[in-house]
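Enquirer: Okay, here's what each chain looks like letter by letter:
Protein chains: 2
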Amino acid sequence: MPLLKVNRERLKRSMDQISTIGATPRGGMHRLALGDKDRQARDLLKRWCMDAGFPVRVDPIGNMFARRAGRHSDSPPVVIGSHLDSQCMAGRFDGPVGVIAALEVLRTLDDQRVVTQAPIDLVNWTNEEGARFSPPLLGSGVFTGAHDLDFALRQTDKEGLSVQQELVRIGYAGAGPVTLPVRKYIELHIEQGVVLEQAAIGIGVVTGFVGIRDTKVTVLGQSTHAGPLAMDSRRDALVGAAGMILAAREIGLAHGPDARVTIGKLAIPSDSHSVVPGCVEMVLDVRHPDAHRLNAVVFALQQRFRAMATDSGLAVHFEDSWYYPPVVFDSGLRSQIAEAAAGFGYSHMELPSRAGHDALNMARVAPTAMIFIPCRAGLSHNELEFAEDQDIAAGADVLLAAALAAAR
Amino acid sequence: MPLLKVNRERLKRSMDQISTIGATPRGGMHRLALGDKDRQARDLLKRWCMDAGFPVRVDPIGNMFARRAGRHSDSPPVVIGSHLDSQCMAGRFDGPVGVIAALEVLRTLDDQRVVTQAPIDLVNWTNEEGARFSPPLLGSGVFTGAHDLDFALRQTDKEGLSVQQELVRIGYAGAGPVTLPVRKYIELHIEQGVVLEQAAIGIGVVTGFVGIRDTKVTVLGQSTHAGPLAMDSRRDALVGAAGMILAAREIGLAHGPDARVTIGKLAIPSDSHSVVPGCVEMVLDVRHPDAHRLNAVVFALQQRFRAMATDSGLAVHFEDSWYYPPVVFDSGLRSQIAEAAAGFGYSHMELPSRAGHDALNMARVAPTAMIFIPCRAGLSHNELEFAEDQDIAAGADVLLAAALAAAR
Chain A
1 MPLLKVNRER LKRSMDQIST IGATPRGGMH RLALGDKDRQ ARDLLKRWCM DAGFPVRVDP
61 IGNMFARRAG RHSDSPPVVI GSHLDSQCMA GRFDGPVGVI AALEVLRTLD DQRVVTQAPI
121 DLVNWTNEEG ARFSPPLLGS GVFTGAHDLD FALRQTDKEG LSVQQELVRI GYAGAGPVTL
181 PVRKYIELHI EQGVVLEQAA IGIGVVTGFV GIRDTKVTVL GQSTHAGPLA MDSRRDALVG
241 AAGMILAARE IGLAHGPDAR VTIGKLAIPS DSHSVVPGCV EMVLDVRHPD AHRLNAVVFA
301 LQQRFRAMAT DSGLAVHFED SWYYPPVVFD SGLRSQIAEA AAGFGYSHME LPSRAGHDAL
361 NMARVAPTAM IFIPCRAGLS HNELEFAEDQ DIAAGADVLL AAALAAAR
Chain B
1 MPLLKVNRER LKRSMDQIST IGATPRGGMH RLALGDKDRQ ARDLLKRWCM DAGFPVRVDP
61 IGNMFARRAG RHSDSPPVVI GSHLDSQCMA GRFDGPVGVI AALEVLRTLD DQRVVTQAPI
121 DLVNWTNEEG ARFSPPLLGS GVFTGAHDLD FALRQTDKEG LSVQQELVRI GYAGAGPVTL
181 PVRKYIELHI EQGVVLEQAA IGIGVVTGFV GIRDTKVTVL GQSTHAGPLA MDSRRDALVG
241 AAGMILAARE IGLAHGPDAR VTIGKLAIPS DSHSVVPGCV EMVLDVRHPD AHRLNAVVFA
301 LQQRFRAMAT DSGLAVHFED SWYYPPVVFD SGLRSQIAEA AAGFGYSHME LPSRAGHDAL
361 NMARVAPTAM IFIPCRAGLS HNELEFAEDQ DIAAGADVLL AAALAAAR
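Here the protein sequences come in this chain order: A and B.
Position one of the first sequence corresponds to residue 1 (the numbering used here), numbered consecutively onward.
Position one of the second sequence corresponds to residue 1 (the numbering used here), numbered consecutively onward.
Okay, chain A solo, but in the shape it has when bound (with noise of 0.2 angstroms):
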């Protein structure tokens, strides 16, 4: 039997249909979790699964799963997807593909009469991205047992409201137990990085998580006046945290091309333009594939910001906020996504995925892995963000040969 693949133009329809929910004017989207956008999205989506016959079941965290039924109702899913939910002001490609892709491979495998053993779920999961509602990868975190429900339903934003209220204003507080047996899981997702995009191949094997450790750095000074007291006698947490800033790239430079150190997230508690500032919350990311180096650069990290406070007559406190370590991806899975690319033709090579997705969570009740796509510049979370309509197709095809080998 020759390899199926996808029908383009309707991949095509679809993932220009669902971007215009959300979008930006510079071709960006803003969909925060469980807002009016996010709910317009998964209306669409609803509706297009029930029109082709793929009945949806919402879970009491909000995750949307739609069935094409196999030979053996009782088998456990193989379950493929992604997220629709988006950072602030961010692009239209870093999630929506794998949801679209597996909606697509789920209308190809009917227009096709093809019967596998297994069901096959597509899911959207909730709030991956952690924009509005922290932590990220909520939907799937509870899914996977890492949050309890509760813990995930109390979860506030900004304004005080809760992921239980916005579920329930936005119609998908669902039911039904909050964990289901796993097959397999299969993610496509773009790659935002460039790996894939300068060595000009179009599906990247993604061998598993680089580990990522948060620490909230609280760096104290004296809260003083603008005015009056001479500047050599302040203890300005800013100008200590802007010092840490510079040191944090340097540090992250400084161990190498697989390290990656960001401060994404800064505030200051007195905010006022004629405050000194003697508080400034820093949040600290760092990644690395090997979970020794991992720590070792944390350790650099924190050695260095004490050193500078001491100097600078500051504090400074840490406190661990969150830890993925590095996962490895189940290795049948990705020989299988291997051959698929292979039997298309399409290049292909194994790479790591240096961002955390949902499957970080699924990898750790079934096998599990992912296939990448490349995206234009490695640009994420950013409004310019940017996949080729033929990358987006091969990742499609790649997606539906590997769900279809492992639910046969």
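In short, the hints are calculated from the structure, not lab data.
A few of these clues could be false.
Because identical chains share one entry, a pair is satisfied inside a single copy or across any pair of copies.
Derived DSS-like pairs (lysine-lysine); straight-line CA-CA distance at most 25 angstroms [what the hints assert, rightly or not]:
| hint | residue 1 | residue 2 |
| --- | --- | --- |
| 1 | K216 | K12 |
| 2 | K46 | K12 |
| 3 | K158 | K216 |
| 4 | K158 | K46 |
| 5 | K216 | K5 |
| 6 | K46 | K5 |
Computed from a predicted model, the values in this text were never measured in an experiment.
Using the hints, position chain B against chain A.
Expert: Coordinates of chain B only, in the frame set by chain A:
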């Protein structure tokens, strides 16, 4: 006639009592303008004034005026006072010292049955700090025509609540004229610096205001995901801003002991642990007693920031936020304050104010002066802000004598 002195016990009792409203665990004050605590403090002040027979008028922006009548009811009043609102988690002396001392002045004049020619008005200005509603000095700004009433009422806090809504909610949306003629304005305040403390001087005769220029600085790089893109390919706006924060301190120090450069507000719109910041917004606050030197500091900062941005592939934009040129206080009032201090045998010296006060607005419409008293270690906008009882009492004595001289 011997010089009148205030009732020190009553002054201390009133200071202690008003300090309980919005008190923080470390002995500080959190009483944001037009919040519930500000309402309670206003209610207490109003009750004290009414009980003592000083009728209270509330104007359309919520400024409170309590009048002790003079012989000539048509004469413009001598106005004395300050503000009861505070910064976030700040001190309990910045503002209330001037209001409660003014109350004590009126009470002492009643005790001694002193008759003045002009009325003396105690004033409590609305939203001096600007911690909740921008701009600061809002109430005196409306009173002196620096801001339109409509503009002031439309300003909103972070939750989107307007000045107008909050004035109505707490019962301080007054009526009547927005402004009235003022004979003289005198404000007692803590120095918020270390000049008096280091010179061991009890009374500061304030010569005027340093100029203040605030600029919004926007640093633009490229927002991207914290994981995939190599660190040396990033254009991180926060790393760029960090260099500018250090340069701002260096340039401030290089411009001599009279220059102040502060960054007290910084926001990252993307605000996510996993997003390399593509944009950082800061407020640059520059102060200098000489207008030409002030502009030279601002120019040097902008030149340096532009060069730094260019060097690191970033962009930087500047937007003038506000400018208060330097102000020189009324020489007659300054002499009266110095003579009063000498009459009491209190040590005194001249010094400029490096912080903004409502007197800055009042100097545009009436002969104006300020009296400073020492505060410990120059700490202000800080919970540990502290002024000694005897310094507050000495300041109140001088305020009493200066007001009496002005109102005779």
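Enquirer: Of the hints stated earlier, which fail here?
Expert: 1, 4 and 5
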